Amino acid sequence: MKMTRQQGILGLAFAAGLGMLTGLPGAAYAADDTIVWGKPGEITGFDAHVAGTVASWQMYQMVYETLLTTDDSMALQPGLAESWEQTSPTSYVFKIRPGAAFSNGRAVVAADVIGSLMRIKNPETASYWTAQLGTIAKIEAPDDHTVTVELEAPHTAFLAALAHVTAAIMPIKELEEGSFDPTSQLMGSGPFMVANHKQDESWSLTKNPHYWRKDATAPETLSALIIPDDSARMAALRDGRIDFTTFSNPDVALMLARDSNIEVLPQQTTNYYRMDVNAKSETSAFHDIRVRQAFNLALDRDAINDLVFAGSTTVDYPVPAAFGKDACHNTSTYALSREDRLSKAKDLLAEAGKPAPEITIMATSADPVYGRIAQVAQQSITEAGFKVDIVQPPVAEYLDKVFTKGEFDVSLSWLAGYTDPSMVIAWWNPNFAIWNQSFQEDVPALDTALEEVKSLPDGEIRDTKLVEICDMIDDGANLLALVSRTDYIAYRSDTIEVKVAKRSGSSNTFQFIYDFKSLD
Amino acid sequence: MRDSAIPAPVVDLDRVVVTYGGGLFGRGGFQAVKAISLQIAPGQTVGLVGESGSGKTTLGRVCLGLQPLSSGTMRFCGEAFGALRQRRGQLSVVLQHPEWALNPRLRCGRSVEEPLVILGMPAKERRGRVAAMLENVGLDAGFAERFPGQLSGGQRQRVAIARALITEPRFIVFDEAVSALDVSVQAQVLNLIRELQDRHGFGALFISHDLAATRYISHRIAVMYQGEFVEVAEAARFYGTPEHPYSRKLMATIE
Amino acid sequence: MRILLYFLPKLIFASITMLGVSALVFLALRMIPGGYADVLLGPFVTPEAREAIAVRYGLDQPLLVQYLNWLGALFQGDMGVSMVTRAPVLDEFLRRAPVTLELALLALAFALAGGLPLGILAGIAPPGHRGGILARLVGALGASVPDFVLGSLLIFVFSVWSLWLRVGGYVSPIEDPVGNLRTMLLPALTLSLFGIALVLRTTRDAVLRVMTEGYITTALARGERPFDIIRLHVLRNSAIPIITVVTTYFGFLLGGAVVVEVLFSIPGIGFFIFSGLENRDYAIVQAGVLIAAAVFISINMLADLAYALIDPRVGSGRH
Amino acid sequence: MFSIFGRIDRLSRFGFGLLVFLILLGLIGPYLPLGDPMRIGAGPRLSSPSWLFPFGTDELGRSFLPRVVDGIRATFLLSAVAVIITAIIGTLLGMVAGFFGGVADQVVARGADILFSFPAILAGLLIAAVMGPGQISAIAVISVATLPLFIRVVRSVTLGLASRGFIVAAQVAGASPWRVMIVHILPNIIGAVIVQLTYALSIGMIIESALSFLGLGGQAPYASLGSLLRQGSAYLTFAPWLVLSSGAVLSAAIMAVNLTGDAVRDALEPLKGRSLT
Amino acid sequence: MNNIVSCEDLVITYQSSNGPVRALDGVDLTIAEGETLAIVGESGSGKSTLGMAMGRLLPSEAGREAGRLEVDGMPVFDMARDDLRRLRRDTLGFVFQNPMVALDPTMRIGRQMQRAMGRRARAEDIHALLERGELDDPERVANSFPHQLSGGMAQRVVVAMAIARSPRLLIADEPTASLDASIQDKVIGTLCRLRKESGASLVILSHDVHMIARHADRVAVMYGGRIVEQGTTARVLGAPVHPYTRALLKAAAGHEKPGEWLTPIPGTPPLLTGRCAACSFEPRCSVSRDICRSSRPKPRTVEEREVLCLLAGSEAERKEVAQ
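Protein chains in written order, with the numbering used here: chain A, 39 to 558; chain B, 1119 to 1373; chain C, 19 to 337; chain D, 11 to 287; chain E, 537 to 859.
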């Protein structure tokens, strides 16, 4: 009998089915000397000085080093700089760690540091970190291992800004020679280097043989699988394809509770969920400050904590709670009871002549948590009389509408707290932040205060100033803190040992990746 | 030239050619009708016989103004044909396949009425005309309310004829109008056409592959073969022995 | 010659269609709010940074110039570079194509293995026959359960009871054939359900139609066995509609079974285009949609060729 | 209608009954004592099905049953609106293409080809990206995906009708093309359009829910069956009732439409088999 | 002479969506070995149903309600499937109305011929058989697909296939109706010649009385699912006694003189839903009496033929004929 095409294909399928049934015993998934990271998102670009997303930062942190880093308590720690010294309110001396070398074996020298910082400051690079570094008057290298920086004005957060991966130190010699392209390659002096990258699929990192720390417990290879979907990532964790990953959804602990070999570690961060209220758009009800204030008062932050985060997080303030400052606790937004706040909000709306303003909350669709926060917020502010819609556009559209065009009423996202209070609240000055100029009202008094606090050393005077600033921020109701953002690190306790900081200020979740250990 | 006392033919074809195809890769195309000339006088039926693919139907479409000519001319009642819309009510058609002759979604009365609607006749006047016309074709007025699906093949062809005649046209094409009917019903319809022609005096082109029926109804018969007339003669000639061998072959089927 | 004449116009129409697709996708992408600058810089987008990126990727030029440049490069086999990785898009597609192809082939195999026999059964089963009703039920179910519902269900079942098959991810069949099968079977199964229903229903209808044809009566009249009638007459004559839907389905699978690839985190073409769109990585989406359309159109042309081989009347100008 | 009903088989009758039930449920849902679909914190978060919350509660403590009932209405309504608009446009275009032929036909047929060569979901992603997520773009996506179906079917049926006796007779009687199309062609293709409409409706429901599932459909807290699935899929392994209930209802709704479509088609153009003995 | 077909009171009913339709309302018929019988009737008279019933090739919605039909001594409606298949293969040969429909468009003629002839048929055998069917270039024909042949050639192929296994009974259902008039006669001539060569019986089902008159030995006229008149061709068509046969001959164009009018039969053929309790032709009959409305005619022999008419041969009827 002649075999028809259909029959042929049928046979193929049958063979496939047979193969499945009689299948060979499952091969081990990951090689023994590898730990596998379930990465929720692919990087958005290679240039560490430019890209502004956590998904990118987390990968850069595997490869690049910064001059300084921070510890659990946000205190600055030596990084690529073995030591540093502030010789005047505006001058700093950094000693580069001897033995630090890029993955190609070339030692890190002062020129790399200067070149990197100058690259950030270079307008052509278009780095958003330029402002955070303050204004550098002079940067010099007395010798190969020493860098001196002279600022034009005192800038308390200067060191903290250097501790963020956006201030990564790149191999400038190679960059200038053209053998390293920072926009399509990663090459740093950090613990790992990239061996292989398949976009949207996987990364394979191997140890940087020239890394200055020689006491690693981490295995030779760190691979990363890109698995954006929470459920798929949980499944991968369960079946052992990945050893560790992160989630933003607090319910993962609940969902992974039955798996005794999976641990979930919350990592407190200085980051918090926030709402940007559009004060500048003429078409938005929030052009009227009273409507903004009413909105801020009507937001039920406790409900967000209870309903979205199952009570696992805390209400947060413009000066992140993680810094341990109580700067904002006594503003009416936080101090009054819900009833009082609601009635005050209604009064404000009545006063503004808009008892039922129609507004739209815009949140990106990137993370389901936003949608949940938006819905709880919707319910709570509806009680004050607002009429609320929610839209969840994709990230690009969201960013375009909010930060470029300013076409929105309320936008929901989160704010990186970094490692110093002055760094976060600095964003309230649109002249400094720039990115929020589309919706942030410029309050000169606040700008001045923010400028002042930058140069104040940590202490009581600064704390008093912070309270003052917080009152102004609360009064403007332009950029609202909601609740703390906790990262959840889930890992297989039977396959790896992890070391994770209890608190993190720079989204440096895997700061101690070099101390991870494979148990296989 | 023509004597004014003799009425002009309703249809006057002069060396008409119809070519199909020859589009994209333009290699000549296919001549369905090759330089045919034909006159049909008022009150006269011309029968057109030939096998399938001989060009009968195309010629019928030419006479109805539905088929653009590749060359040659067509005159209607002595004038240039013009647009079909200008000829409203002057010509009509009855086609094969009784099940598709009428719009299955329209009541028969509406179908018969339609040519009058197109002419713009007021509704009141139309109603009476339709009833009269249905009676004319041997159907009682109740048929106006029926849908084609409720009618037999013969009845449907009667309704189609009623529709064709409602505007008292000068010319009607019958394209295989009785071919799908059974013998007993075929005779009913053939007789009806003959009677109505006697009464209304329209010119007609009767297209069929059935020589027996064509001979019965026509005054003149044109035998078509591969796009050409191989014989055109008085119908009576086909009761004897026609000239052309192909005509004789056709005759064999009814002897 | 017959086949060539039949094919040439189709080829011309296909080119027109491709040109239309390319213009549409190009225009659509430029109308999408937000650009790669937004994605790369997050909230920290400044006009300067945006400008720098626009210049780098030639986005500062007039639309028509951009389009013509792209088309021109395309004809030289250059699909541009990804904005994210700055790697050539073509290489990326070539890397992903086998993944999607494997998924599509597996799904197609399941769809045919399930749909054809059941469809034939439903087509020849006398009314009220149990097999026929079962087949219809499978057809109705398959056409009604969306792939992401079935996929979710499978993910649930296979991740809660950690059965042998794996949920999500991708393993190269060269590195680990068994592991590859373990990860690909669930998504392929998910994708195939609709295919099973599609093939089943089309086969049933086609067989029912063929069964009323005169040559079936002829075959019966000359005393053929039912099996021979199916083999010789029914299958061949009902092949055209079946091939039509199978190719449409396969084209759809290759063009990116986006939902399933996203659901199971499979780095195939659909996923690539999806994330390209999210990232406003124009080159990827443009190339991706164009490739998907090209695949779809070529598969349809292959189907046309198959018609001409199966039915000698096709292309002969007579039907 | 009833004579049609008598002619269809039990499976189709079941489908039709299910469709009527679901549509009724969607319509009168808001008046049933099922609870408030929007009330956040109506119960504990993610509680499993109980007497109080028959479909359990979602991650914001909302009762899931009224949300599913709401979703039925949203899904049906949106798909139906989209498909009906598309059917009207597609029928018009298909009729014009089939009846006039020539350039009009080429333009329409090529256009349909171009639309058809975009894999539906990719076209959906693009359109949703251009128009922004939401109900309007979901309607546009469904239209683009199903338009070629209508154009192709209507065009081919119109082509078949164009040579019919009553069409030729009307043309010969001097009827304008529009008159021919509206009086003669339209009533005779409406059956084919309705059959296509039911299939397009099921495709539309699948597309709507797929878009919502990818987060590109209607926006929260608006609930369509697809967005509920998306919402529940985050808790798939922990609170499977969310995905299972909305998935089952969605599948049942699509199946009801499909089976009804089969019934309509069987009634309009019965396909009778022949036994092989 | 033996009978190849014998049929007694055969009743066949179709189930339709509008209820049952009775296609055969009690048919009594025998066909002798070697004879050519023509069954004449209009559409809906039941002639096709009768022809297909001889091979039990009716669609599934048709069923035998009563009566008996034997072909070559075998009870067609009560046979095992395999026996039925063998009967079709070895004893029967069918020629259908439209050869383009009857041939599989996707299979070459040669292959289809081979299926009809049996597995062992060689190319030469196929060519020989095609030649017997008067196809000039058998090799080309065997290599062709059906659409590459003209209607006349295709029908010759069908005829050749029908006689491939030397059947004892050939059944031709309107064998020339779909062919062009100019070749109808030749094709039917071929069919008759082949029948004569093989000595088989031939049943021609047709509405064309002229064609039948030329080729059939015996004629059976069907109306309303019954055979209303049967006898030798000369008798039945030359001197019909049933009013329907007479009316049919008068209505058919072809034998009228120039200018003469045909006499149509008024009304339309009946559509039976059950057993007809009267004469089914009565509503259209020009000589009907009260009795025709109240009793069902039984077969009678009148003037050397069997006829189903209560009045045939009666005084009144003779008067009518004389007019």
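Be aware that a few hints might be false.
[Stated by the list, open to error] Here are a few chain C residues that sit away from chain D, every Cβ distance over 12 angstroms (derived from the structure):
#, residue
1, T35
2, L92
3, D223
4, A237
5, V276
[Said to hold, decoys possible] Cut-off 25 angstroms, straight-line C-alpha distance, at most; resulting in silico cross-link-like pairs (BS3-like, lysine-lysine):
#, chain 1, residue 1, chain 2, residue 2
6, E, K722, B, K1242
7, B, K1367, E, K722
8, A, K318, A, K252
9, A, K384, A, K363
10, A, K443, A, K252
11, A, K382, A, K443
12, B, K1367, E, K834
13, A, K252, A, K555
14, A, K382, A, K392
The set of hints was computed from the structure by calculation and includes no laboratory data. Since the structure is predicted, the reported quantities are computational estimates derived from the model, not experimental observations. Cβ atoms here follow ideal geometry from the backbone N, Cα and C, with glycine treated the same way.
Now for the hints, and whether the structure bears them out:
1. Non-interface status of T35/C relative to chain D is broken: a Cβ of that chain comes within 12 angstroms, the nearest being about 5 angstroms off.
2. Under the 12 angstroms C-beta cut-off, the non-interface status given to L92/C relative to chain D holds; the minimum distance is some 17 angstroms.
3. Against the 12 angstroms criterion, D223/C falls within the reach of chain D, whose nearest CB is about 6 angstroms from its own CB.
4. In this structure A237/C is not separated from chain D by more than 12 angstroms, as the shortest Cβ-Cβ distance comes to only about 9 angstroms.
5. Not every Cβ of chain D is farther than 12 angstroms from the Cβ of V276/C; the closest lies at roughly 5 angstroms, contradicting the non-interface assignment.
6. The straight-line distance between the Cα atoms of K722/E and K1242/B is roughly 57 angstroms, outside the 25 angstroms bound, and the hint therefore fails.
7. Taking the CA atoms of K1367/B and K722/E, the gap is about 10 angstroms. The hint holds against a cut of 25 angstroms.
8. For the proposed pair K318/A and K252/A, the alpha carbon gap of about 53 angstroms is over 25 angstroms, so the pair is violated.
9. As the CA atoms of K384/A and K363/A are separated by approximately 31 angstroms, the hinted pair breaks the 25 angstroms bound.
10. Our distance criterion of 25 angstroms between C-alpha atoms is broken by K443/A and K252/A, whose separation comes to about 49 angstroms.
11. Among the hinted pairs, K382/A with K443/A is inconsistent with the structure: their alpha-carbon atoms are about 32 angstroms apart, more than 25 angstroms.
12. For the hint linking K1367/B to K834/E, the alpha-carbon distance of about 42 angstroms lies beyond 25 angstroms, and the restraint is violated.
13. With a C-alpha separation of about 14 angstroms, the suggested pair K252/A and K555/A falls inside the 25 angstroms cut-off, and the hint holds.
14. The hinted pair formed by K382/A and K392/A meets the criterion: a straight-line CA distance of about 14 angstroms does not exceed 25 angstroms.
The structure fails to meet hints 1, 3, 4, 5, 6, 8, 9, 10, 11 and 12 from the earlier list, while all remaining hints are met.
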